[in-house]
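Peer 1: Sequence:
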Amino acid sequence: MKAAAGDRITIRGTTVESTDRHGLILEVKGTDGAPPYHVRFDDGHETIIFPGGDFVVERNEGGP
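Residue 1211 in our numbering is what sits at position 2 of the sequence shown, and the numbering runs on without skipping anything.
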């Protein structure tokens, strides 16, 4: 998986009760777009994440 700062992410809910989480990649900590990613979620929470199978990257074609 590759991503860049400015890309949007979605983490899919894994149960019926859980909702999807959406955020913005602020910084790519790995090399060549590889994880981990510094992400700010839409609720303002920031964290460093290593994505799993429930993780989708929406490329920002216009740049950061």
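What the hints contain is simulated information worked out from the structure, not anything from laboratory work. Just to be clear, a hint being listed does not mean it is correct.
Said to hold, decoys possible - Here are the simulated SDA-like pairs of lysine to any residue, each with C-alpha atoms no more than 25 Å apart in a straight line: (1) Lys1238 - Glu1270; (2) Lys1211 - Pro1260; (3) Lys1211 - Glu1236; (4) Lys1238 - Thr1256; (5) Lys1211 - Arg1221; (6) Lys1211 - His1254; (7) Lys1211 - Ile1258; (8) Lys1211 - Phe1250; (9) Lys1211 - Gly1261; (10) Lys1238 - Ile1220; (11) Lys1238 - Glu1226; (12) Lys1211 - Thr1256; (13) Lys1211 - Gly1239; (14) Lys1238 - Ile1257; (15) Lys1238 - Glu1267; (16) Lys1238 - Val1266; (17) Lys1238 - Glu1255; (18) Lys1211 - Glu1270; (19) Lys1238 - Thr1224; (20) Lys1211 - Gly1222; (21) Lys1238 - Phe1250; (22) Lys1238 - Arg1217.
Peer 1: Checking one constraint from the list: CA of Lys1211 to CA of Phe1250, max 25 Å. Satisfied?
Peer 2: holds (19 Å)
Peer 1: For the pair we were handed, Lys1211 and Pro1260, check the Cα-Cα distance against 25 Å.
Peer 2: This hinted pair holds, its Cα atoms lying about 11 Å apart.
Peer 1: Measure nothing beyond the straight line between the CA atoms of Lys1211 and Gly1239; if it is 25 Å or shorter, mark the hint as holding.
Peer 2: Given that 25 Å is the threshold and the Cα spacing comes to 9 Å, the pair holds.
Peer 1: Hint check: Lys1238 vs Thr1256, CA-CA at most 25 Å. Holds or violated?
Peer 2: Status holds; Cα separation ~12 Å.
Peer 1: Verify the proposed pairing of Lys1211 with Arg1221, using a straight-line Cα cut of 25 Å.
Peer 2: Since the Cα atoms of Lys1211 and Arg1221 sit roughly 18 Å apart, the hinted pair holds (cutoff 25 Å).
Peer 1: Keeping to a limit of 25 Å between CA atoms, is the pair of Lys1238 and Thr1224 held or broken?
Peer 2: violated (29 Å)
Peer 1: Would the hint linking Lys1211 and Ile1258 be met if the CA-CA limit is 25 Å?
Peer 2: holds (13 Å)
Peer 1: Given the hinted pair Lys1211 and Thr1256, is their alpha-carbon gap at most 25 Å?
Peer 2: holds (18 Å)
Peer 1: Keeping to a limit of 25 Å between CA atoms, is the pair of Lys1211 and Gly1261 held or broken?
Peer 2: Holds, at roughly 13 Å.
Peer 1: For the pair supplied as a hint, Lys1211 and His1254, confirm whether the alpha-carbon distance does not exceed 25 Å.
Peer 2: holds (22 Å)
Peer 1: Between Lys1238 and Glu1255, is the straight-line Cα distance small enough, at 25 Å or below?
Peer 2: holds (14 Å)
Peer 1: Check the hint pairing Lys1238 with Glu1267 against an upper bound of 25 Å on the C-alpha distance.
Peer 2: holds (18 Å)
Figure legend: structure checked against the earlier numbered hints; hints not met, in rising order: 11 and 19.
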